[in-house]
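Peer 1: These are the residues of each chain, in order.
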Amino acid sequence: MSATRFRRVSVRWLSMLCVSLLLFSLMPPAAQAIDPIELSDPALQQRYRDLSHELRCMQCQNQSIADSPVGLAGDLRREVRELLEAGKSDAEIREHMRERYGDFILFRPQWSARNAWLWVTPLLLLLLGVVVAWRVIRQRVALEVTDQFVAEDSRERRADQ
Amino acid sequence: MNRFLLPAGVFVLLVVVLFVGIQRAPQKTVIPSALIGKPAPAFTLPVLGSADEFDSASLRGQWYLLNVWGTWCPECRNEHDMLLEIARTDVLPMVGLNWKDDDASALEWLRVLGDPYDVTAADREGRVAIDWGVYGAPETFLVNDLGVVVYKHVGPMTPEIWAREFLARLPKASADRSNVQASGADTSGAAIAIGAGS
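Quick note, the sequences are listed as chains A and B, same order.
Read in order, the letters of the first sequence are residues 1 to 161 in the working numbering.
Read in order, the letters of the second sequence are residues 1 to 198 in the working numbering.
The following block holds chain A by itself, in its conformation from the complex (with noise of 0.2 Å):
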């Protein structure tokens, strides 16, 4: 009785915290409290919005320029704006900021020959390990044939069903 009112209870508490966590997803991001500029057009600002959050707070180093408060983050989405507003691509924009600051500004490393190894380490563990299970299930497949009493037990077994 008591075990039953006890889970009840529970999966209440569970089923509230789990609301309350998806209304805390849902509440807006703490940029607009330190950037409260927003551009004239919709599609732009959504264009500064994503731009900002991809470039790194030089400074902090762990924010994105759109969540830090420091003067050199406000400056650069200053120029992120400018930008935007003189026409250039999301592309061109983020080139902008690399040729200023290096690869690290951009929370999206892209592909060049220095961080190729970034890329390429991730597939060659991949198949590394696929290798690794190939051996092993051989190895497997081939003790079964191998094995007389197993081989023989499952023939005796395959024989009864």
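Hints are supplied without guarantee of correctness; some may be wrong.
[Unchecked claim] Pair ranges (Cβ atoms, derived):
id, chain 1, residue 1, chain 2, residue 2, range
1, B, K172, A, R49, 41 to 47 Å
2, A, V120, B, V112, 54 to 60 Å
3, A, E38, B, E125, 19 to 25 Å
Since the hints were derived computationally from the structure, they do not count as laboratory data.
Being a predicted model, the structure only gives us computed values, none of them experimental.
Positions of the beta carbon are idealized from the N, C-alpha and C atoms, including for glycine.
Given chain A, put chain B in place with the hints provided.
Peer 2: For chain B alone, coordinates are given in the frame of chain A:
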């Protein structure tokens, strides 16, 4: 026994990789400049405390130092005496880039502490600093006679860094000139000459 050899080998390799990574971690807090080997960004800015404009093109054909500073920056105060020391050796022109500062405070700073710069450009809005990829004062750039950025140092200038990273990159003639001027007859080395003075 043999079947443990490979996992043990992989483990040792991993330990080595992580150890090297941790050893090198402190250097990675300084972000290398994207401008090394590239033309120094051209700029025109008002000269601090004057109605004149400073055009970076006027430095074409000579090596120069560009030091980014602000009165709001504590490390800039720490390196100031070293900058004065360098200015005294007169090896190369020194340009100050006063970054996002108040003109009156900046002028007061130079009047009280001494002015190491041949010219100070006032980057009140921080636009030129962005073009130079500046992310934290003080930063010091070395630009060669072709207008190419040769080196950037982030953080306060010290006698060691000046000798190792800047003087060593300068053409021999001007580095030698610094020897003579800094220490008179003593030619035992620019690093020692400047280090002793500070």
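Peer 1: A separate judgement is required for each hint: does it hold in the structure or not?
Peer 2: Verification of the supplied hints:
1. Judged by the Cβ atoms, the range 41 to 47 Å given for K172 (chain B) and R49 (chain A) is violated: they are separated by roughly 53 Å.
2. As the Cβ distance of V120 (chain A) to V112 (chain B) is approximately 56 Å, the hint placing it in 54 to 60 Å holds.
3. Under the hint 19 to 25 Å, the C-beta atoms of E38 (chain A) and E125 (chain B), about 21 Å apart, fit the expected range.
The structure does not agree with numbered hint 1 stated previously, though it agrees with all others.
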